[in-house]
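Visitor: Sequence:
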Amino acid sequence: MNNLNFIATATFGLEATVKRELTKLGAKITGASDGRVDFSGSWADMARANLWLRASDRILLNMGDFTATTFDDLFEQTKALPWEDFITKDGKFTVEGKSIKSTLFSVPDCQAIVKKAVVERLKTKYKMDWFPETGAVYKIQVGLLRDVATLTIDTTGAGLHKRGYRETTSKAPIKETLAAGMLELSFWKRHKVLLDPMCGSGTIPIEVALIAKNIAPGLNRSFVSETWEQIDKSIWTDAREEAKSNIYTGEIAPIHASDIDAQVIAHAKESAVKAGVADLVNFTVSDIAKVKIPDDYSVLMTNPPYGQRIGTKGDLLKIYNHLARLVPKNSTSAAYIITSDEEFQTHFGRKADARRKLFNGATKTDYYQYHGPKPPRSDFH
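All residue numbers in the sequence shown are consecutive under numbering that gives the first Met the number 0, ending with 380.
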């Protein structure tokens, strides 16, 4: 199948980043709105998107969009969709839902109606009255937004932030997809030294290393659609072989990461090993008060405590002072800091060159970007 429609979901603020990633993969973009980027293509395009997208949350097969203001509308139009093209006779399918500013506001009722409509469709097409549901998993999602229903099947499984390298976390971890999005929104390149002086579980430096080596973030994990009979196994095999062949083997500038908690650093090192980048990240146990910026034209990127789950206001002010010390106003280095503290710029001592609203899970944050001066021309690529 070459004319399939997909949705790459994304946290608010990262849609443009996901769109750029898809464009780089050669995908045909068909639309974009809050929390999603639509594209069309083949199963191979779907597999590559799952393997390569760093800032997206998951890839959904878009079965259809239609207006539904009554339960009859929802039932009949759901039933009219070609579910048998994707869900096998023994397929195990569930229905999840959400409704925002829509006439059909009862999510449980919408889920039940969609489930019934799909079953009725499959009964008619397969000439069966009962389905064993012992086969591959198909998670259907019904989303209602301003009376427009979107019906999808999840091709990803566990969210794309589940790279497969992190089992233990610090008290307030940053999602892998958000860390990668921060990188993509910065002016960091693999020839620039990077420092995260409060690295916690190591997500930012590990994502930096994965991008520096051009390692597909989904290379070491599986996806639910790999079990679907409709998709030839060679599609996934070819996509993974292509990803392996594109790993960068050239020179990469040092990546430094530190944290005051020795146990957290130990876990971060374990994660780096699993991610295949242990040789690229220099992890150390250190108080931020003792950390120094490693080089001219370096990049500082960090996710300091927000004061909501860890740290007090006084502790945060001390941290902000240390960050300002590391990258003062006349510094040649750049700084990229994400925090929920809306007074951060005041505490840091200067206004950011750019400020972008992002969400770390359910927490609204701002991404403060201090780009620094452009470095002199270098032969390091």
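Misleading hints may appear alongside valid ones.
Listed below are the simulated SDA-like cross-link pairs for lysine to any residue, each with C-alpha atoms no more than 20 Å apart in a straight line [said to hold, decoys possible]:
1. K317 <-> K328
2. K88 <-> I210
3. K97 <-> T68
4. K243 <-> A261
5. K232 <-> L60
6. K78 <-> V94
7. K188 <-> R19
8. K268 <-> I210
9. K97 <-> K188
10. K174 <-> D33
Distance ranges between label pairs, derived from CB positions [to be verified]:
11. D33 <-> E83: 16 to 24 Å
12. D294 <-> K97: 22 to 30 Å
13. N213 <-> E83: 15 to 23 Å
14. S39 <-> L144: 53 to 61 Å
15. D278 <-> T93: 16 to 24 Å
16. S339 <-> P131: 23 to 31 Å
17. N245 <-> R145: 49 to 57 Å
18. M127 <-> V272: 25 to 33 Å
Hint data in this document are derived by calculation from the structure and do not stem from the laboratory.
Quick reminder that beta carbons are idealized off the backbone N, C-alpha and C, glycines included.
Visitor: What's the verdict on K97 and T68, does the C-alpha distance respect the 20 Å limit or exceed it?
Guide: Answer holds: K97 to T68 is near 14 Å, not above 20 Å.
Visitor: CA of K268 to CA of I210, is that 20 Å or under?
Guide: Distance ~18 Å between K268 and I210 Cα, so the pair holds.
Visitor: Holds or violated: K317 and K328, Cα atoms, limit 20 Å.
Guide: Cα-Cα ~18 Å, so holds.
Visitor: Between the alpha carbons of K174 and D33, is the straight-line distance 20 Å or under?
Guide: Given that 20 Å is the threshold and the Cα spacing comes to 19 Å, the pair holds.
Visitor: Is the distance from the Cβ of S339 to the Cβ of P131 consistent with 23 to 31 Å?
Guide: 48 Å, violated
Visitor: Is 16 to 24 Å a correct range for the gap between the Cβ atoms of D33 and E83?
Guide: Roughly 32 Å apart at Cβ, these two residues miss the hinted range, so it is violated.
Visitor: Could you check the hint for me, namely that N245 and R145 are 49 to 57 Å apart, CB to CB?
Guide: 41 Å, violated
Visitor: Look at the Cβ atoms of M127 and V272 and judge whether their distance stays inside 25 to 33 Å.
Guide: 49 Å, violated
Visitor: Do the beta carbons of N213 and E83 sit within 15 to 23 Å of each other?
Guide: 39 Å, violated
Visitor: Measure nothing beyond the straight line between the CA atoms of K243 and A261; if it is 20 Å or shorter, mark the hint as holding.
Guide: 33 Å, violated
Visitor: Is the Cα-Cα distance between K97 and K188 20 Å or less?
Guide: 39 Å, violated
Visitor: Confirm or reject the claim that D294 and K97 have a C-beta distance inside 22 to 30 Å.
Guide: Given a distance of about 47 Å, which is not inside 22 to 30 Å, the answer is violated.
Going down the numbered hints, you'll see the structure goes against 2, 4, 9, 11, 12, 13, 14, 15, 16, 17, 18, while the others check out.
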